[in-house]
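Chemist: Next come the chains, spelled out residue by residue.
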Amino acid sequence: MAEFLHQFPPRREDIHSHGEHEHHDLGFWRTYIFSTDHKIIGIQYGFTALCFILFGFFLMLLMRWQIAHPGAPVPFIGLLLEKVLGPVMAGNGAISPDLYNSFGAMHGTIMIFLGVVPLAFAAFGNYVVPLMIGAPDMAFPRVNMASYQAYVLGGIVMVVSFFIPGGAAQAGWTSYSPLATSIPTHGQAFWLIGMVLLITSSLLGAVNFIATIVQLRAPGMTWMRLPFFVWAQFVTAFLLLLAFPPLEAAGIMQLMDNLAHTSFFLPTGLAIGGHLAHVSGGGSPLLWQHLFWFLGHPEVYVLILPAMGIVCEILANNTRKPIWGYKSLVYSVLAIGFLSFIVWAHHMYLTGMGTRIATFFQATTMLISIPSVIILTCLLISLWGGSIRFNTPMLFALGFLPMFGIGGLTGLPLGLAPADIYLHDTYYVIAHFHYVVAPGTIFALFAGIYYWFPKMTGRMMNEFWGRAHFWGSFVFMNVVFMPMFAQGMEGMLRRMADGGVNYSAARVPGALATLPNTIMEMHTWILWGAMALGLAQIPFIINLFWSIRHGEEVNSDNPWHSTTLEWQTPTPPPHGNFARPPRIYRGPYEYSVSGHDTDFTPQNEPEAPMTAPKISPAPAVH
Amino acid sequence: MEIPYVVQPRPDTGIYNAKVGIWLFLASEVMLFGALFSAYVLLRVGAVPGEWPHGWLNVTLGTINTLVLALSAITTLLAWVACKTRQFAKFKFFHACTLLLALTFLCIKGYEYHDKWIHYEIQLIDGRIADGHMRENNPKADYVVIEGRYVTDEKDLYDLRAQKDLKTGEIKIPRSLIKEMENYGPWHNTYLALYFTLTGLHALHILGGSIVIGYLWGPGRRLWKTDPEHFTNRVEVSGLFWHFVDLVWIFLFPVLYLM
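Same order as they appear, the protein sequences are chains W and Y. Mapped onto our numbering, the consecutive letters of the first sequence carry residue numbers 1 to 622. Mapped onto our numbering, the consecutive letters of the second sequence carry residue numbers 1 to 259.
Calculated from the structure, these hints are not laboratory results. In this text, a Cβ means the ideal position worked out from N, Cα and C, and glycines have one as well. Incorrect hints may appear among the rest.
[As the list claims (entries may be wrong)] Label pairs and their in silico Cβ distance ranges:
#1 Ser592(W) x Trp23(Y): 40 to 46 Å
#2 Met482(W) x Tyr215(Y): 55 to 61 Å
#3 Leu61(Y) x Gly91(W): 56 to 62 Å
#4 Pro9(Y) x Trp546(W): 29 to 35 Å
#5 Trp23(Y) x Thr31(W): 28 to 34 Å
#6 Ala89(Y) x Tyr331(W): 31 to 37 Å
#7 Tyr111(Y) x Tyr422(W): 34 to 40 Å
#8 Leu77(Y) x Thr31(W): 38 to 44 Å
#9 Ser556(W) x Phe88(Y): 51 to 57 Å
#10 Pro9(Y) x Tyr331(W): 46 to 52 Å
#11 Tyr215(Y) x Gly576(W): 25 to 31 Å
#12 Tyr215(Y) x Phe338(W): 43 to 49 Å
#13 Pro165(W) x Val41(Y): 22 to 28 Å
#14 Val41(Y) x Thr359(W): 45 to 51 Å
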């Protein structure tokens, strides 16, 4: 142990010999399945979430097939669908409207609650945040494990619901009442139970993250020395902590509506299928929407803030200069966190909640775009004058900027009621939020995977295939989503199981116009684009698994020459993370500081240049 | 490296980890119950005027339960003080009191639920409504017996505060005269839906808190021998949760029983 202190960061061989002392042999189950180590839990979250994202992607491919070729049997797997889900749902291998609806609901649910949030918040947060703040682990390791287990359980409930009679939930990921209660299958009950488990998981995670960031920062890691990624996760955790419980309350009430036949969200005089429903009535469908979007809108920022954090780290590292406007970034992210709680009803302009309320929410919606634009501007200006290294993580991070820009700017018309009333139920909205989440957030997540992979495994991912993955994804993401703007502006409606063919073909007497053929043909482009996008992910999947064992070994613990603390640990970090308690002397982005030998100064490097190998243990804080 | 500030407070924040955790958890609980209370407000404001039930619950039992929980808040606090002053026997006594009070609360709550469960509103073919507690409901018999009264208008059932001296008696009703029969479950109307959901969720919290307190009183007390400071922290954290649960009841009682 004593000689270990003299060499910091230690050489790789030291870790291995050291690791055998410290690392008690816990066996396979305690090490990999019921682990309480934040790094293992992060990897568990990441792997599970990536599987769910792939699953959600396949659901999307099936839906795109159905939209482009309504009623035609799905090639290759159509018969499998019929066998597994039954002839009612997928007769002759074609997707029935009911099945389309449940695919739509589950695509949204899986991508958001089981894919992107667990990957962006839980996986990266778990792995990186404790390392970045110089902590040995999360504040509550066993709570952390429980959080992952609740997540897996919720995921299992969601997936199982596909195979129950009647299939999975069909009322959209928003589950509006009374539709969600009047569908006579049990998919919705499964969805709600799954959601309660997922909310429990994110609650445990959020408590843990905030407590960790507040309590376990290493000595000298003041708030304004936190890397921006940690700030982003901190605000995200607060959003999850405070915005999710109202949805849990709403979920409990809808579960009561579905199982105990209460009428929380069912109005008096509700007719289902032409008959007066046998319910006590007196409920309010608007109440569901308010409670849902009270989560739903902060959730958007839960999706985007960690992505911004990742992009910020990678930009600073690869431009080799400090982030421009660190304080503006921090205050903006705090402002977003606060404002995101008072914009929710801009999803509800069409509900007839009244123009006065709409005015309030239009104003707050325009307000929240200000800090978002500040963040994007800071990131853009950070590029100015940098000597940029174009590696795979940087390409994805750079790709994030225009893609998120498109997604964000196209959201402005939706924030204003007059424009929203026309656009609301069209493909324009689909294009808008997918630009934010798919080429936006998911690009940032890819960037993060390529960036932190060397820390997790000690090996680099293949650069050539990384670039192939980037360019393929970049091109085909746009092929998929760009036409949807045009479709939406022409008035093509969302949520239609036949892609709007009957809408187009309906020659209703007196109807003003049908959709032009060029708009309908875009369905075919999108289908091909989506399939090509799928193919473009194959290099990534192979690269990810192949590089774990066969990737190029890193030549040091800090292959990207980064300043932040996670790179000042052994690779991969052992249990307890740091060889000795780190002490922090400087801000997170001291790149290219003049007067230094290297173009980066790690946060734990003392002020005075070290001449003698005199390292005293960090003094205890008081 | 070991995780710091598990027992001792961090100097600059002044608290130990678990205390940060429980306060955050309680913040999220505030949002959970806050959403449910908002639902209550919205549904009550939107209800048809004059059709919101009043006086359906037993205020005496509700008051007793309020006092029971208030007393349990005191005993939890005393248990923590006993730990702080290192008087373990006292701790055991006060925590046992808390457990017994929690059990009392749940029993009274259970009795109240049962009372609503066997309370039926029976609509007859002739337009009258029989309302009261079920005494005999044998599916094989062609009649039911309730302890209650007849009303001609459903509106007469809503405000029981105004009707001080209700005359009830045993009523035997042939099944052939019954149009519809429904007990006072959550499905009966919005008020009961809110009542069962809100108090049910609260009762689950009482149950969860009792399990934690029971654990600390029982198997969890081993920690006292090795690390009394850590054990005291656990008592404090569970006490904070318990006080929150009590506080929720302080809101539930007037909202559901009195207003």
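Chemist: Against each hint, give a clear statement of whether it holds in the structure.
Modeler: The hints, checked one at a time:
1. Range check, Ser592(W) to Trp23(Y): about 42 Å between beta-carbon atoms, so the 40 to 46 Å window is met.
2. Taking 55 to 61 Å as the suggested C-beta distance range, the pair Met482(W) and Tyr215(Y) conforms, at roughly 57 Å.
3. A hinted range of 56 to 62 Å for the beta carbons of Leu61(Y) and Gly91(W) is consistent with their spacing of about 57 Å.
4. The beta-carbon spacing between Pro9(Y) and Trp546(W), approximately 48 Å, falls outside the hinted interval of 29 to 35 Å.
5. For the pair Trp23(Y) and Thr31(W), the beta carbons lie near 33 Å from each other, so the given range of 28 to 34 Å is met.
6. Distance hint check: the CB atoms of Ala89(Y) and Tyr331(W) are about 54 Å apart, inconsistent with the given range 31 to 37 Å.
7. Tyr111(Y) and Tyr422(W) have their C-beta atoms about 57 Å apart, which leaves the hinted 34 to 40 Å range violated.
8. Leu77(Y) and Thr31(W) have their C-beta atoms about 42 Å apart, which keeps the hinted 38 to 44 Å range intact.
9. Checked against the hint of 51 to 57 Å, the C-beta distance between Ser556(W) and Phe88(Y) comes to roughly 54 Å, which is consistent with it.
10. In this structure, Pro9(Y) and Tyr331(W) break the distance hint of 46 to 52 Å, their C-beta atoms being roughly 29 Å apart.
11. At about 28 Å, the beta-carbon gap between Tyr215(Y) and Gly576(W) stays in the expected band of 25 to 31 Å.
12. One distance hint, 43 to 49 Å for the beta-carbon pair Tyr215(Y) and Phe338(W), is violated here, with the actual separation near 38 Å.
13. A hinted range of 22 to 28 Å is violated for the C-beta pair Pro165(W) and Val41(Y), which are about 39 Å apart.
14. A hinted range of 45 to 51 Å is violated for the C-beta pair Val41(Y) and Thr359(W), which are about 22 Å apart.
In this structure, the hints that do not hold are numbers 4, 6, 7, 10, 12, 13 and 14, in rising order.
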